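Produce the complete structure using the sequences and hints provided.
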Amino acid sequence: MTTWLAACIVLIALGLFPALWVGSRGDAVNRLVGVEIAGAVTVLVLLAFSRAMQQSIYLIVPLVLAVLTVTGTLVYTRLLGPRP
Amino acid sequence: MSGRTLAADVMLSLSLLIIVLAAFGAVVMRTTFGKLHFITPVTTVGAPLFCAALVVDSTWSIATGLEILTTALVMLSGPILEAAIGRVGAQQRQIIEPEGPQ
Numbered sequence: 004m005t006t007w008l009a010a011c012i013v014l015i016a017l018g019l020f021p022a023l024w025v026g027s028r029g030d031a032v033n034r035l036v037g038v039e040i041a042g043a044v045t046v047l048v049l050l051a052f053s054r055a056m057q058q059s060i061y062l063i064v065p066l067v068l069a070v071l072t073v074t075g076t077l078v079y080t081r082l083l084g085p086r087p
Numbered sequence: 131m132s133g134r135t136l137a138a139d140v141m142l143s144l145s146l147l148i149i150v151l152a153a154f155g156a157v158v159m160r161t162t163f164g165k166l167h168f169i170t171p172v173t174t175v176g177a178p179l180f181c182a183a184l185v186v187d188s189t190w191s192i193a194t195g196l197e198i199l200t201t202a203l204v205m206l207s208g209p210i211l212e213a214a215i216g217r218v219g220a221q222q223r224q225i226i227e228p229e230g231p232q
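Chains as they are written, first to last, in my numbering: chain C, 4 to 87; chain V, 131 to 232.
If you are wondering where the hints come from, they were derived from the structure by calculation, not from laboratory data. Being a predicted model, the structure only gives us computed values, none of them experimental. Each hint should be verified, as a subset may be incorrect.
Just so you have them, the derived chain C footprint on chain V, three or more residues with Cβ under 8 Å [stated by the list, open to error]:
(1) 147-159
(2) 162-171
(3) 174-180
(4) 193-201
(5) 208-216
(6) 219-228
Note that CB positions come from ideal geometry on N, CA and C, so glycine has one too.
Next comes the structure, spelled out in structure tokens:
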């Protein structure tokens, strides 16, 4: 097992699952905090996975996810905000 | 073990430690605004350290540039999203006016 694959496993087990736990509890804003942390951790997991597999073509996935996390979270904040 | 590999391992371990502690910190905190503070360590400290470990561990290539771009996106978007989530939370709890400054 390479160092980067080990980093993947650590991030999923100890970073992603706690973030998903936060994302499944409390009110909508509370869950949004969990989704945001989970998104950032998932980007790093995918970067590490790409390096572990030595497939640079996989890097397009975390790049797209990073863009979608930003836009997705901003859309959620807009929808959760007060109605005019 | 070469110096570059050692430096990459140290930075990777440090970034993993910060990210894991921040994730568990978000679980432990009770209030939403308390949890909100734990986004910053992940995006602003953990992600750049992780990227630095990736860069140090390899030679320069287009893939390295893509890794830096992706991490920069995460790093720059973190504070913006944190502010946006905090604003919505404050509006819902009527801490600030619903039609506050945009």
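To see whether the hints hold, each was checked on the structure:
1. With 7 residues having a Cβ less than 8 Å from any Cβ of chain C, the segment 147-159 of chain V passes the three-residue criterion, so the hint holds.
2. Coverage of the segment 162-171 of chain V by chain C holds in this model, with 5 residues showing a Cβ closer than 8 Å to a Cβ of that chain against a need of three.
3. Counting residues of the segment 174-180 of chain V whose beta-carbon sits less than 8 Å from any beta-carbon of chain C gives 3, enough to reach three: the coverage restraint holds.
4. Under a criterion of three residues with beta carbons nearer than 8 Å to beta carbons of chain C, the stated coverage of the segment 193-201 of chain V is upheld, 6 such residues being counted.
5. Requiring three or more residues with a Cβ within less than 8 Å of a Cβ of chain C, the coverage given for the segment 208-216 of chain V holds, as 6 such residues are present.
6. Only residues whose beta carbon comes within less than 8 Å of a beta carbon in chain C count, and the segment 219-228 of chain V has 4; three or more means the coverage holds.
Figure legend: structure checked against the earlier numbered hints; every hint is met.
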